[in-house]
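2 protein chains.
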Amino acid sequence: METKAIAFNTGFALIEGNHFEEIMWQTESLSPLDVLVEVHAISVNPVDTKLRQSASTDQWRVLGFDAVGEIIECGSDVSDFSIGDMIMYSGTEKRAGSYAEHQVVDSRIVANIPKNISIEEAAALPLTSITAYEVLFEKLGLIPEENGNLDENILIVNGAGGVGSIAIQLAKWAGLNVLATASRPETSQWIKQMGADISLDHRKDLVEQMRELNLTEMKRILLLHSTDYYFESMAHFLAPFGHLASIVATTEPVNLSILKNKSASFDWEFMFAKTNYDYQIDSQGEILKIIAQLIDDKKIVSTHTTTLEGLSSQTIFEAHRLLETNRTLGKIVIRVK
Amino acid sequence: METKAIAFNTGFALIEGNHFEEIMWQTESLSPLDVLVEVHAISVNPVDTKLRQSASTDQWRVLGFDAVGEIIECGSDVSDFSIGDMIMYSGTEKRAGSYAEHQVVDSRIVANIPKNISIEEAAALPLTSITAYEVLFEKLGLIPEENGNLDENILIVNGAGGVGSIAIQLAKWAGLNVLATASRPETSQWIKQMGADISLDHRKDLVEQMRELNLTEMKRILLLHSTDYYFESMAHFLAPFGHLASIVATTEPVNLSILKNKSASFDWEFMFAKTNYDYQIDSQGEILKIIAQLIDDKKIVSTHTTTLEGLSSQTIFEAHRLLETNRTLGKIVIRVK
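Note that the protein sequences, when read in sequence, are chains A and B.
Going by the UniProt record's numbering, the first residue of the first sequence is number 1, and it counts up by one from there.
Going by the UniProt record's numbering, the first residue of the second sequence is number 1, and it counts up by one from there.
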């Protein structure tokens with residue numbers, strides 16, 4: 001069907017002005033496992049701003065990797081969902097995103113929204129929750145059960161960002177002692193609010209701050225900010241047989257041998273890899289189902305803080321602008337319907 | 001007690017002549033979990049030659065990380081072993097090695113030798129078996145059961161070395177399809193004999209050879225030779241969510257970001273890390289017990305090929321010389337008693 005979408009066709013910096021445009025866009029035809037969604041709210045993520053700057057194409061590109069919407073049509077093989085279901089999803093890099101009034105999405109990567117939160121709160125969840133869940137429970141070897149990892153600890157570098165805010169909550173739910181870093185009084189307070197047991201300042205020497213707490217090593221360290229900058233010090237601080245994980249690409253080669261005599265591992269987490277490579281795709285729907293249950297059970301909360309009204313090139317531009325200030329706390333949601 | 005040992009006190013290259021010396025050496029006093037062993041046979045490993053070159057000390061250093069011997073005294077808390085037991089072990093970097101007629105070893109890292117093989121064959125097993133077992137089943141996520149990993153495959157770069165020869169056999173036992181590399185007709189034949197399904201030539205382009213086999217990626221790749229040289233091409237060849245593991249330290253920084261969009265992992269395996277850092281030490285005794293059982297059940301074979309007679313500075317020097325030719329096949333054992 002034809003739908004309104006916000007798109008761009010040449011990568012641009014915000015300083016060049018607003019090159020997002022409102023276009024009429026043809027949604028894809030439904031494959032057997034797809035659903036067609038009327039989008040009610042979307043959220044923006046740092047990956048959106050990166051792609052907006054780098055994507056260079058002759059075709060319109062519709063970004064957006066978080067949405068809540070109502071199913072208005074189901075593919076022939078969809079059995080888990082029905083027309084009228086209000087669902088949430090992050091989507092994939094391979095298809096048109098959620099900056100649109102209607103979107104086609106694979107039903108294996110969606111879940112019904114939690115019962116007792118707002119549409120905006122639900123729209124803030126998918127990308128950050130899937131990423132945080134995957135890295136904690138599929139990469140770092142933690143057990144995805146309430147208090148399933150007592151006596152374990154984790155250091156989350158940049159705990160106040162989107163992924164960090166959910167990762168802190170999931171790690172606390174799973175029973176870990178959580179150290180997280182921030183760099184300003186507001187973000188430090190925020191990570192405490194998310195449940196961090198200890199707040200450190202990642203603009204200062206982290207190793208020194210941990211030594212003051214009598215910590216000489218950590219078995220699990222999650223880098224959510226500049227792997228280039230933190231790799232070496234955190235690799236030295238990692239415990240033997242530990243896991244150092246990151247979601248932020250390196251731009252320079254790293255000294256991997258630091259980890260060698262500790263028989264340690266380095267793990268990348270990239271949530272779009274599953275849909276990009278057709279690898280256990282339905283696990284992302286399962287993860288969102290678990291997240292919805294954890295919200296229903298009040299074990300974790302949405303990190304939504306900011307709402308912009310209406311899908312337009314102006315609200316999308318404003319959302320990108322806010323993200324790029326690096327001063328926002330919590331997730332920015334755009335109410336579409 | 002006082003015992004004969006072969007030692008050196010300044011790191012040396014073989015070209016400088018034989019600086020191993022026969023000395024009388026005081027074994028350590030037994031801690032509660034230790035046993036005192038009369039050494040019957042030892043084996044040499046590449047790590048020995050590295051330490052001989054680099055170790056610089058004013059004290060005598062006794063190397064040796066593989067032995068079979070008879071227990072002649074037990075520490076007060078040893079309950080799993082008795083005087084007269086013939087055991088095998090690799091030992092640890094932290095204590096005197098097996099180039100000696102008597103040695104003290106922690107009973108948690110030893111096992112009774114297999115029933116139906118020679119002392120020499122048993123002495124060839126510990127270090128390579130523990131390393132191969134740990135990397136396959138503790139790092140690469142394989143299931144340590146016979147045929148427990150059907151439909152899985154692995155590429156072992158440098159399959160003809162000590163660790164590779166056991167890793168091929170353990171991977172075959174565990175049900176994997178095994179691709180291994182060698183560089184000469186003899187080593188290529190050897191890895192087939194160890195059970196490799198496919199033999200590749202690691203002096204030629206590995207990716208091209210795998211493409212000819214219609215393989216475009218591998219989920220598990222084990223580097224047992226020059227991580228510096230193979231990291232980049234193998235990182236590119238690794239499948240999404242794959243694991244690239246290595247036992248060979250890098251000397252240069254590596255481009256870790258190649259693995260990022262595949263959400264993949266890099267794992268170091270270093271067998272001395274457990275005893276160096278007091279981490280699950282008894283797992284190494286357990287591994288050797290499993291290895292002995294697999295030998296008894298004829299599921300795997302010892303890789304022993306060469307025996308030198310008698311513990312002397314000459315036999316130790318000759319063993320190091322043979323290792324450094326890089327032309328030996330199978331393990332070199334020195335019969336001590």
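What the hints contain is simulated information worked out from the structure, not anything from laboratory work.
Take these hints with a grain of salt, some might be off.
Pairs count within a copy or across copies, as identical chains cannot be separated in the list.
Said to hold, decoys possible - DSSO-like cross-link-like pairs, simulated, lysine-lysine; straight-line CA separation at most 27 Å:
id, residue 1, residue 2
1, K260, K94
2, K94, K219
3, K219, K337
4, K298, K94
Now for the hints, and whether the structure bears them out:
| no. | hint | verdict |
| --- | --- | --- |
| 1 | K260 <-> K94 | between (36 Å within a copy, 17 Å between copies) |
| 2 | K94 <-> K219 | between (35 Å within a copy, 23 Å between copies) |
| 3 | K219 <-> K337 | neither (45 Å within a copy, 44 Å between copies) |
| 4 | K298 <-> K94 | neither (33 Å within a copy, 50 Å between copies) |
Going through the hint list in order, the structure does not satisfy hints 3, 4.
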